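Novice: Protein chains in written order, with UniProt numbering: chain A, 1 to 318; chain B, 1 to 318.
These are calculated hints, taken from the structure and not from any lab test. In this text the structure is predicted, and so the values were computed from the model without any measurement. Hints are supplied without guarantee of correctness; some may be wrong.
Claimed, not checked - Once the Cα atoms are required to be at most 30 Å apart in a straight line, the calculated DSS-like pairs of lysine-lysine come out as:
id, chain 1, residue 1, chain 2, residue 2
1, A, Lys134, B, Lys134
2, B, Lys86, A, Lys114
3, B, Lys118, A, Lys103
4, A, Lys118, A, Lys86
5, B, Lys135, B, Lys284
6, A, Lys118, B, Lys86
7, A, Lys114, A, Lys68
What the hints assert, rightly or not - Covered by chain A, per the in silico footprint, the following chain B stretches (three or more residues, Cβ under 8 Å):
id, region
8, 86-99
9, 143-152
Where is the CB? At the ideal position from N, CA and C, for every residue including glycine.
Protein chains: 2
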Amino acid sequence: MNKNPLNYIVTGATGFIGSHLVKVLLETGGKVVVFVRSDSIKLSVLPKHKNLIILEGDFNNIETWHEKLEKNINFKIDVFYHLAWKGVFNSLRNDIQQIMNIKPTIDTLFLAEKIKCKRWIGVGSQAEYGPLNKKISEVDPTNPTTLYGSAKLSSCMLTQMLGRQLSLEVGWVRIFSTYGPEDNSGWFLMHVIDQLLKGQRPKLTLGEQFWDYLYITDAVNALKALGECQELNGIYNLGSGKVYKIRTIVEKIRDIINPNIQLLFGEIPYRADQVMHLEANIDKIHKDTGWYPKFSLDEGIRIILNYSMGKGVETGLN
Amino acid sequence: MNKNPLNYIVTGATGFIGSHLVKVLLETGGKVVVFVRSDSIKLSVLPKHKNLIILEGDFNNIETWHEKLEKNINFKIDVFYHLAWKGVFNSLRNDIQQIMNIKPTIDTLFLAEKIKCKRWIGVGSQAEYGPLNKKISEVDPTNPTTLYGSAKLSSCMLTQMLGRQLSLEVGWVRIFSTYGPEDNSGWFLMHVIDQLLKGQRPKLTLGEQFWDYLYITDAVNALKALGECQELNGIYNLGSGKVYKIRTIVEKIRDIINPNIQLLFGEIPYRADQVMHLEANIDKIHKDTGWYPKFSLDEGIRIILNYSMGKGVETGLN
Numbered sequence: 001m002n003k004n005p006l007n008y009i010v011t012g013a014t015g016f017i018g019s020h021l022v023k024v025l026l027e028t029g030g031k032v033v034v035f036v037r038s039d040s041i042k043l044s045v046l047p048k049h050k051n052l053i054i055l056e057g058d059f060n061n062i063e064t065w066h067e068k069l070e071k072n073i074n075f076k077i078d079v080f081y082h083l084a085w086k087g088v089f090n091s092l093r094n095d096i097q098q099i100m101n102i103k104p105t106i107d108t109l110f111l112a113e114k115i116k117c118k119r120w121i122g123v124g125s126q127a128e129y130g131p132l133n134k135k136i137s138e139v140d141p142t143n144p145t146t147l148y149g150s151a152k153l154s155s156c157m158l159t160q161m162l163g164r165q166l167s168l169e170v171g172w173v174r175i176f177s178t179y180g181p182e183d184n185s186g187w188f189l190m191h192v193i194d195q196l197l198k199g200q201r202p203k204l205t206l207g208e209q210f211w212d213y214l215y216i217t218d219a220v221n222a223l224k225a226l227g228e229c230q231e232l233n234g235i236y237n238l239g240s241g242k243v244y245k246i247r248t249i250v251e252k253i254r255d256i257i258n259p260n261i262q263l264l265f266g267e268i269p270y271r272a273d274q275v276m277h278l279e280a281n282i283d284k285i286h287k288d289t290g291w292y293p294k295f296s297l298d299e300g301i302r303i304i305l306n307y308s309m310g311k312g313v314e315t316g317l318n
Numbered sequence: 001m002n003k004n005p006l007n008y009i010v011t012g013a014t015g016f017i018g019s020h021l022v023k024v025l026l027e028t029g030g031k032v033v034v035f036v037r038s039d040s041i042k043l044s045v046l047p048k049h050k051n052l053i054i055l056e057g058d059f060n061n062i063e064t065w066h067e068k069l070e071k072n073i074n075f076k077i078d079v080f081y082h083l084a085w086k087g088v089f090n091s092l093r094n095d096i097q098q099i100m101n102i103k104p105t106i107d108t109l110f111l112a113e114k115i116k117c118k119r120w121i122g123v124g125s126q127a128e129y130g131p132l133n134k135k136i137s138e139v140d141p142t143n144p145t146t147l148y149g150s151a152k153l154s155s156c157m158l159t160q161m162l163g164r165q166l167s168l169e170v171g172w173v174r175i176f177s178t179y180g181p182e183d184n185s186g187w188f189l190m191h192v193i194d195q196l197l198k199g200q201r202p203k204l205t206l207g208e209q210f211w212d213y214l215y216i217t218d219a220v221n222a223l224k225a226l227g228e229c230q231e232l233n234g235i236y237n238l239g240s241g242k243v244y245k246i247r248t249i250v251e252k253i254r255d256i257i258n259p260n261i262q263l264l265f266g267e268i269p270y271r272a273d274q275v276m277h278l279e280a281n282i283d284k285i286h287k288d289t290g291w292y293p294k295f296s297l298d299e300g301i302r303i304i305l306n307y308s309m310g311k312g313v314e315t316g317l318n
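Work the whole structure out from these sequences, hints included.
Specialist: Listed below in structure tokens is the structure:
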């Protein structure tokens, strides 16, 4: 075990996962360096903390980051988390800007090497697998059906390869679905909560899909565990390892908010490429880090509802 | 069938495959546009031909190519062949410059769309599969073990996806091993011929590997057939579909040059990641285009030897 806390760089720190990750990393007592665009409107999601160093830096100019680190940082960085990615929402999954994420991703790997940071962890997606309709492990075939999935998979392959050339430990974390307070309301689960809280009936499919939802605190604790573990070993799936029918999830939410709201499943059709079963096999990350999810779906939903109804956020389990 | 010949763009036209492709495309009566760096030392490999239009253009500035086409070309381009790739030799298979090929590859796809060329054909490699040690078809899993293979596979995935977005027909041709006159003497088969012609004994492994060698005229006729076929259908393997033991191939060459030269198999060890069986299943390209290899390995070797010994090149079969 490390006596001294580790120090970190996090890209994408103002995103949903990034901002939660920054908070748990700061709790270790280590220093966290983040790069943020000068025009970022999301700076407020970052905590004020003596160990949080906010540097100005654009995703498209990572070549300039090295100089900024040399000027501003006088400690060693132990783990480089690369979460920044332009275009994560469903509407952008086939946008050509997806491709423009590959070079910056590779640039961060070179930057890690330059600053002698030996461990680099990037964030991928279940979209790299394409529709498998089963419990997915890291050795399953990858056949992405979106530009997003292809660009993530390209980044995965290239960083794994390049890691070997540069003698870096490279981890690649394929995240399934996360959820939690402050998540974007464009995502299904948050959308359902939003609608039901407003007393509106969300438009629903038949809801027979099985989905794997991981609570955000569990997700960032997993990322933290990968930063701390003995030895990184390539690609990791990250999910709850449990699935629920979408229908069941929506009913759970409805029952807490107002059991009298009538739901109408099947009002809208499935997408043409609807995946009916998406489940992460999380044996590998458990084996390598000891991490395992702590929040049940019921607990996660309750926390979000408390938060959304203005009762404040529970930050952990007792 | 097209009454008028098709018109083409070829990138990488001064390379081994590119220069042969340009020649067979010119034989159709169509026009061929190529982009060549102003400092290219390989211009001489291109024929002098009224239908060959040579424009100056760098691989890293494909954004500028559109303007050059608008200025210089007053006909429609039907097929865009993208063969340019920096770092194809074995010594560069893990060089980081491999990654720098992805963006230009994607740029050519956008260029094709801009000039309303509906068919784009890129060149990939068996290296995208990684070591499978069997007859490989296009649906086999892809697990490249080099940066070259990963960058090619990334380009394959991204161009396939992007093709759908841009409504282009995108073909991706995974070439196994080609050989022929003027090929680089760094490649195994050419090296063996070189050495034996000099009366020297090439350094050899045990030679138990099975390898798939396609004669260059067959290879470029396959590319031409893909440009002309009714409908492109994604990824195509391109090989002879036949394998020979490396040992047998070397003995064939030796027997023609000088049966008295003693060969010493096993003088050098296999590579740590030696593939022992590399064979293309070519059913798909045959089905979609009718193409099939015409040159036997014996014929191919004989043509190269005639050429190497200064007797001129046979350009086709009778």
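Novice: If a hint holds in the structure, say so; if it doesn't, say that too.
Specialist: Hint check results:
1. A:Lys134 / B:Lys134: holds (28 Å)
2. B:Lys86 / A:Lys114: holds (24 Å)
3. B:Lys118 / A:Lys103: Within the cut-off at roughly 27 Å; holds.
4. A:Lys118 / A:Lys86: At roughly 25 Å apart (the allowed maximum being 30 Å), A:Lys86 and A:Lys118 satisfy the hint.
5. B:Lys135 / B:Lys284: The given pair, whose Cα atoms are some 13 Å apart, holds under the 30 Å limit.
6. A:Lys118 / B:Lys86: holds (29 Å)
7. A:Lys114 / A:Lys68: holds (13 Å)
8. 86-99: That given contact holds, which follows from 3 residues of the region 86-99 of chain B lying within Cβ reach (below 8 Å) of chain A.
9. 143-152: holds (count 5)
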